Amino acid sequence: MDPAQHSTDDARFRVLVADDEDDIRDLVTLAVRKAGCDVVRSVPDGAEALVAARAELPDLAVLDVSMPGATGLEVCTALREDPATAGIRILLLSAGASLDEVARGLSAGADAYLAKPFTIAGLVHQVRSLTAGVPA
Amino acid sequence: MSLAVLDRPAAPRRRLTDPAVWQAAVRSPLPCTVMFSVAAVLLVTGWVPVTAPAAAGAGLVVAVAATATAWGVRRAPAAVRLAVPVAHLAAIALLYAGTASATVLFLLLSPLWVLASHPTRAGVPLAAGGTAVVLLVPHLMGEAFAAATPLRGALVLGPLVAAVGSFAVNENYRRVATQSRDIARLQREQAALLEQVQSRADELDTASRILAARAQTMTSVIDAVTQQSIIGTDRDGTIRVWNPGAERMLGLLRPDVVRQRSILEFHDPEELAAAAASTGSTSPLDALVHVARQEGSDVRDWTYVAADGTPRTVSVAITPRADDRGVHAGWNFVGTDMTETRATERMKDQFVSLISHELRTPLSSILGYLELVMDDEDSPLTDEQRQYLSTVERNAQRLLRLVGDLLFTAQVESGRFTLQPADVDLAAVVRAAEETARVAAAGAGVEIVVDVPADGLVVSGDAVRLGQACDNLVSNAVKFTPSGGQVRLSLRRSWQSEDGALTDDERPGTVPVALLSVADTGMGIPAGEQGELFTRFFRSSTARRNAVPGVGLGLTITKAITTAHGGALDLVSAEGQGTTFTMTLPVGAVS
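Protein chains in written order, with this note's numbering: chain A, 169 to 304; chain B, 4 to 594.
Calculated from the structure, these hints are not laboratory results. Every value quoted in this text rests on a predicted model; they were computed, and no experiment measured them. What you were told as hints is all true, and nothing was included just to trick you.
If you anchor each label on the Cβ, the simulated ranges turn out as follows: (1) A:Ala-271 <-> B:Asp-304: 21 to 29 Å; (2) B:Gln-263 <-> A:Ala-271: 43 to 51 Å; (3) B:Arg-401 <-> A:Ala-271: 22 to 30 Å; (4) B:Arg-495 <-> A:Ala-271: 29 to 37 Å; (5) A:Ala-271 <-> B:Leu-384: 35 to 43 Å.
Residues from chain B shown here face chain A by an in silico Cβ test under 10 Å; the list is partial: (6) His-360; (7) Leu-366; (8) Ile-369; (9) Gly-371; (10) Ala-399.
The beta-carbon is built from N, C-alpha and C at its ideal position, and this holds for glycine as well.
Same shape as in the complex, but just chain A (with noise of 0.2 Å):
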């Protein structure tokens, strides 16, 4: 946890996980919890997904690029067509780590990519550096 930015409970940063995997959405939720933000919804479903975005409106979404409902990517599109939900930062998960992807998921209008299998460390570098810029 970095005390310099996430110094007080009620200026934590608010995340919405989406993942079909209930391991992997644990996983994600500790490491964003580690990076010391609040898990505000963690949804197996990219349709849900979408829902809780634009009821919750958090600061950072971390979505796997295949769920069911809808795919990471088309959830990705939806928000940033949404003035609404256009300013919420985006973190895709995905286990095709070809170049192809990362660059699909990225026009799509992703601002990061992770491939898994991803380590801990390397997820809570990635939430920290996405927050960092968002005003709390």
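For chain A, the structure is supplied; the task is to place chain B on it using the hints.
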């Protein structure tokens, strides 16, 4: 094949008499012999009374002598032969004098004919002069002739008639003789020509038989191909050749296709339209043969549409076809049905993608939670627990690498493998590979020696992939080298000519290359297996015998990466002594 003109039944041709033969007949002494013989008989029998026996006798003697000479000088020169009719004229003059009978004048016909038919005009004045002399005989003889003396006018008209008549005969004779010679010459030429034509026709016939035999051989070969379609077209795409393979693949028999349909009717129109758009071709046929036209041949997948409408994915080799004069006559399309193969490949790709995704997800959990447990500062692990969990982590990582290798191999095979080129310092890549392998090498008692240029060696390439290739070579070398051995990583600059020869300094026609070698003192690779080494899942007998872990993908991947960089991967190996792999990478840009 044969000449049509020779096939016609020969028209009955009347062969012209040889001019020499009819000339000989004309000049024959036979007419004079007959005439003078009859004259002799007439004189002897008294039909023509003799008035001056001495002259008549002399005339007969001269006539007999001249006639005999005529038989003797048939082959003599023309000038000599003139003497015979002149002698006959003299004989006639004597006989005229000896008989005083105009009947004798009929004998003039014989020498006059001979003189008139003489090859030169010399006979004409002789005929006229001779006639005049004969007609003058009565005047010379005086009253002996009395009433038989011809009129004075006959003295003038007689020679004139002889001159005009013999001149006319002579002209015609000579003209006919010339024409006859010409005709004979033409006949000879015609005969020679006919002979030539006949022999030419025979040659053509032989050649056409050979050609027919060759064509038959080709046809039987093409007809024997039942698994590949062989289609030949005109320049406009009209089908001219359609083999049993094409019949089988596309469901139409040869008679229904040849000269009646275009190759385009068997192609997916949308695919052709797309190809036309991407190549800027003006017509679907142009789009189809675009690459073959430019490069001489083209092999790629096209979608054929069979007669029943089913699409077939066919690997088609397209080449231009030339006629016997080397002029472009059309196109050849040799197709292999790849429908099932491509479907299998797609399924395999999908399978590999699915499997690697499904394997990565649980591995993500395993590695993630392991990390949480091992890094938990609140409840530190015992050394034993840490050791056990390290083993779990190492194996999970190994599984992960295998999944990555499988996916990568599938990408290479399906052509979906792309590079991200940038400037890469190969010296750094080699040092990083040494670092990665250092722990394993130390554990196995293998020494790693690094020999790289201090100032580095920058090439254009994909840093991640080059690192992966180098790591593969180094980890292989360490795995295959027994304890106490050595692995030497060396990197140097060189120059390569077009034929692949390497030199240490720059020369005209050479390009700079980087040589990255990984040499071990390991168990080596049997010579018979070296060719298969880059085949996926291939494991050398030495690897299996010595229980070296691996699945046989590392070198396949390394080779694919090297090739994608425009480089080459070679090896030198002796069983029991060691192996040296050398990557030759162009220093220049990689697309």
